[in-house]
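Peer 1: Since chain A is already given, all that's left is putting chain B on it; use the hints.
Protein sequence lines, in the order shown, are assigned to chains A and B.
The first sequence lines up with residues 5 to 326 when you count with our numbering.
The second sequence lines up with residues 9 to 272 when you count with our numbering.
Possibly wrong hints are sitting among the right ones.
Stated by the list, open to error - BS3-like cross-link-like pairs, simulated, lysine-lysine; straight-line CA separation at most 27 Å:
hint, chain 1, residue 1, chain 2, residue 2
1, B, Lys83, B, Lys247
2, A, Lys218, A, Lys270
3, B, Lys198, B, Lys95
4, A, Lys218, B, Lys19
5, A, Lys133, B, Lys198
6, A, Lys225, B, Lys28
7, B, Lys95, A, Lys225
8, A, Lys133, B, Lys153
9, B, Lys256, A, Lys218
10, A, Lys225, B, Lys30
11, A, Lys133, B, Lys31
12, B, Lys153, A, Lys270
What the hints assert, rightly or not - Simulated coverage check for chain A against chain B, where a stretch passes if three residues somewhere in it have a Cβ under 8 Å from a Cβ of chain B:
hint, region
13, 198 to 207
14, 266 to 275
These aren't lab readings, by the way, just hints derived from the structure by calculation.
From the three backbone atoms N, C-alpha and C, an ideal C-beta is built for every residue, glycine too.
Chain by chain, the residues:
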Amino acid sequence: MLLCCFLTNISLGSVSIPLKEIFSSLLGSTDNYIIQNYRLPKAITAILVGSGLGISGLLMQTLFRNPLAGPFVLGISSGASLGVALVILGSGFLGGVFSTLLISKWSIVIAASLGSFLVLLAVLLVSSKVRDTMAILIIGLMFGSITAAVVSVLSYFSSAEQLQQYIFWGFGSLGNLSWYELLIFSTIILIGIVLSIFSIKALNTLLLGENYAKSLGLNIKQSRLIIIIATSLLAGTITAFAGPIAFIGLAIPHITRQIFTTSNHKILLPAVLLLGAIVMLICDSIAQLPTSDYMLPINAITSLFGAPVVIWLLVRKRKMIF
Amino acid sequence: MESNQKHIILKTENLSIGYKTKKDETVVASNINIELHSGELIGLVGANGIGKSTLLRTLTNVQSKLSGSVHLNDKQLEAYSNLDLAKTMSLVLTESIASKNLSVFEIVALGRQPYTNWVGSLSETDISIINKSLSDTNLNDIKHKKCYELSDGQFQKVMIARALAQDTDLIILDEPTTHLDMYHKAYILKLLQKLAKDNNKTILFSSHEIDLAIQLCDTMIVMSENDVVSDAPCNLIEKGTFSNLFPKNMISFDETTGSFRVNK
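Just chain A, same shape as in the assembly:
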């Protein structure tokens, strides 16, 4: 299924490429510039983004015992937005040649990582002081609204052109990643996934609630820290490279639970990983509007096609599994 979506994704685009050519290109017998430098990196990015966001959503929903939690509840995306807003919108204050120099792609990636890292650090510092996990959720949301406020102040003072650039970043984008960037990207995602795998037992124990988990000998603070670090690596990196991609992190864990009707993370984690990748590939295939020259913002597609699926699943099963 994943492979099928992967191939379809590569073949569809403004120029349709037959499957036969894809195979020969992937096996290295012929050189196809579009596949090797554009379609393939994009498809791999889609897989990494989909599985990474799905898993971080799953981690957050279990940790906070809250079906509304997603990868961005800790203020990660708002931190990244702030970083990018400072670079794009704030560059006007620096003026002249310096500003055009500043708005390169790497500067946005660095600004996003730095922003999400700083907000996360603040949340971690505060959370080490509080015992209640729910308090961390609220603290994350509070940091989110602080950064949102700063962004709106910044946008009030910036030009229409800068604003447009910032909004385009907010649409999310899976393309434009070079092989070198992809290597860094996938390494960090892999670390995040490995950390999540090591948290499977803790996550299952947390299904009983924190007090029971503690009575079963679980070191709550340590497991909580590992889970939060894994989430921030996954969601933070994805936001840095692909922009704040909505919906996937919240919806994929729910869709997976409805399909597999289990809460056991030994099944959920790999299932979310696969499903996230598949859904992201499908969304990306739709976003590039096959055979046309237009490309829709990926963020719109994920919500536009994903939300009805979740609603349909919930209505059909009549019961939310959590």
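Peer 2: Same frame as chain A, but now just chain B:
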């Protein structure tokens, strides 16, 4: 031979419990000296707000004591690591669990967590212990049911089975009979009595079912304003401990039947 040589699982000496803040201490109860023996069912009773929960929280190391000592199997309670404590003492709390989507088997299986490997796979020993816990609590028929399909009484049994699967010397239950009807209250307490006898467990529970506790417990701990008394129920009746438990103008204790009456 019996009562004198029974192994002491938990012992407190001059234990004082309460809450500590930076500024001052609130003492809930002090001078608590109790001993819990293996194979016994022990009931903890007392009026609302007298400190039953605080005592249980202190004995389970959720909350730190103010002074005195708690020894669990001849070792200071504070000296236990989280994991070692989980292998010695299991809990059944009043709160519900976070995910209602777990099946009965899965919940009971989570009781094996302290013993399983890093990813939590169950060995054959684990599975046989889980199955024994399920059959000891008569849950075999519903072991594949999801938690949200269970009645309150069934759910309480599942949580007891989970504590059994944790394979500990001591099981502590916080008000296991709340929300249950008369029959299920008696059923749960009789089940606990049987488990204590058959599996040589020490089972401590707090409850407001004083009548039932008098009939079923080996030892009772009675908390009142002034002191904490621990003895066999018949001795406590003789001493008149129960008659002082509640305001006498409202409720009086009938020593012949071992039950309370509301004054008309």
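Peer 1: Taking the earlier hints as the rules, which of them does this structure contradict?
Peer 2: 1, 5, 8, 9
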